[in-house]
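Residues per chain, in single letters:
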Amino acid sequence: MTQPVVVIENLVKRYKELVALDHLNLQINEGEIFGLLGPNGSGKTTAISCVLALLNFDKGSVKVFGKEIQPDSYDIKKNIGVVLQNVAVFRELTVYENIDYFCGLYIKDKRLRKQYVNEAVEFVGLGEYVKFYPKKLSGGLLRRLNIACGIAHKPKLIILDEPTVAVDPQSRNRILEGIEDLNAQGATVIYTSHYMEEVEQVCSRIAIIDKGRKIAEGTKEELKKMIKTDEKIHIEVVGLSETQLSQLRQLPHVYRADYAANELTVYCNGGKHNIVHILKYLQENEVSFGRVYTQLPTLNDVFLEITGKELRD
Amino acid sequence: MFFHSFYYNVKCQLRTKELVFWNLFFPIILGTLFVSTFGGNMQKEEIFFTIDVAYVAEDGGEEGFVELLNGLQEGEDQLLSVKTCGMDEAEDLLGKQEIRGIFINGKDGIRLLVKEEGITESILKTILNQYQKTQSMIGKVMRERPEKLGDVIAGLGEEISFVTEEKYTEASMDAMTGYFYALIAMNCLYGCFAGVTCAVSIKADVTSLAVRRNIASTNRFVVMAADLISSVLFQFCYTMVSVVYLKYVQKVDFGNKMPYLFIVVAVGSFIGVATGFFIGSVGKARAGTKIGLALSVTMTECFLSGLMIGNLYHVIQSVCPILNKINPAALIVDALYSLDIYSDFRRFWGNMEIMGLMSFLLIAAGYLTVRRERYASI
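In order, the protein sequence lines correspond to chains A and B.
First residue of the first sequence: 1, per the working numbering; consecutive thereafter.
First residue of the second sequence: 1, per the working numbering; consecutive thereafter.
Read the hints as simulated data drawn from the structure, not as lab findings.
Everything numeric in this text was worked out from a predicted model, so none of it was measured.
Simulated crosslink set (DSBU-like; lysine-lysine; CA at most 35 Å straight-line):
1. A:K154 - B:K17
2. B:K284 - A:K154
3. A:K156 - B:K284
4. B:K284 - A:K214
5. B:K284 - A:K135
6. A:K136 - B:K11
7. A:K135 - B:K11
8. B:K11 - A:K78
9. A:K63 - A:K225
Listing some non-contacts, in silico: residues in chain A with all C-beta distances to chain B over 12 Å:
10. E9
11. E30
12. N40
13. G140
14. N173
15. Q185
16. Q201
17. K214
18. E217
19. S241
20. E263
21. K272
22. L282
23. Y293
24. E305
25. E310
FRET-style restraints, in silico, Cβ to Cβ:
26. B:S208 - A:Q3: 30 to 40 Å
27. A:Q70 - B:K251: 52 to 62 Å
28. A:G66 - B:L361: 38 to 48 Å
29. B:A376 - A:I306: 24 to 34 Å
Built from N, CA and C at the ideal position, the CB exists for glycine as well.
Assemble the whole structure, with the sequences as input and the hints as a guide.
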């Protein structure tokens, strides 16, 4: 049975009148890639800051590796690696020196540190850039350096707070692959993001938070089962009348249909051959249509259905 | 962990162009401008200005001293302007700063009464000291080698008229050095930039770097101590480079007080870094804002110590002396002046003690601010 690495119980954090974390409960188990998904300002970073004993909180408890974490819990902290949302490196130090400096805050042994630093450089693919100063690196390479600084000491728990913000697709893919590699090497990963595609891609379990509250938790399959939508059908349609739209909503398994900018979106729950029924109706009513495609529900749909708003609002 | 942080902080300091410019090159450029602006003329002008003094003759005084004073009032390079009067009038003139000293010639010998301490007062002391030495020498020769008395008297006038060559403390009498003392003070206090950086690098509510350092498994105090010590060391080195440049390249005369300059620069660098650390520790303003504030504080201190207006230090000393006692720049300048004026080092060490205590208090106050374990917001 896997052990819980992080346990957050009933956590409340207020900034004056604003409730940033509202009785948040989370449990992250050993070996997981745990996704913390939520829009900007939902409380993801605040929750992470509490886990790291950076922020004080009003109520609740945070346990890491079975112990209540305190600012001077150095025995716990040595097993935690953090990749911050903002790039936090010394602009006066080279890529290698930056990684060595931060690794040196955890690892005393010089030889071991050298080995770890070289492995981190290799891991993030910055071998060609070890003598570069940060200002000479592109945004994507800077993010990779930021990651290397956070994971070089081989922590058992890695917390990545929006590591792919403002990163090009190539670097983003590399980062996501890296996270899976780190997990394969035995690290438990907490991954916060507002990019649902990334979370869907890498996370084994996901918690969706909004306004400081956990609104759903589970695997991506479990989350998708929580909502009505099984299938979304998009059809390019010209000149659909309100009457026709109403009639479409009456078709079997259709529980919602929207029409805007010449695109018809039909939401179905369950049933088979829904697309056939819809296209048949359009043909019989002489409605001309073009491109047709179907889409399985996404985490955005989950968020939309639970909160009534888009994840990226 | 300490040496690891120390090593990398030294590297960062060496590579921070702004620090290198403001702490190393700027003082050198400013010192070079001072030398080229003032040149060698100022030295002559400052030495041969006329000093107003009062002479009070009491019963049983020595007559020879009056002749000396008369001699110093004559010629093109008149050194003294002497007003002979009673004690009450002389004290009144001294109180109004119309004269710089009172020579009192009584049966117990000749005494000098001054109100302030500075180069002018030092010259008056030198005159009196020279006279007393000569008197003593003549008396000794008369008692022990009367046949040599003629030779001694023959050389007497020459020696007495050359007052500025025989210095009370073997220190420089050049008034221009006052500007360089203020420059050294400024250079030391520019340690505030590194001090601010030390503080904000550990405040997780100000910089992301501090967040990363706070979540590491190294004690925050160790990292902070490494940063502070390396910053003081760096500031000391930067300032000493400026001092050595001024002394050996620009030939600024700092007298024979180089070992004491080392001490002043070390303690001055300490208080400079401590001031910056305190400013950086308080509040959540951005690092740039804090550096701006630290610069404003430092430049105000330097202005009050006479960096821009040479005698401002003396004006403050007469109007509000306590200000000079809490102004690190003024304390540095005063410590260096004290080496010119006094033969003992009581005042010098007193200033060093005040600066040391202030540095300790600033760092302690800063540490109490940054040591808090968790933040309310980040």
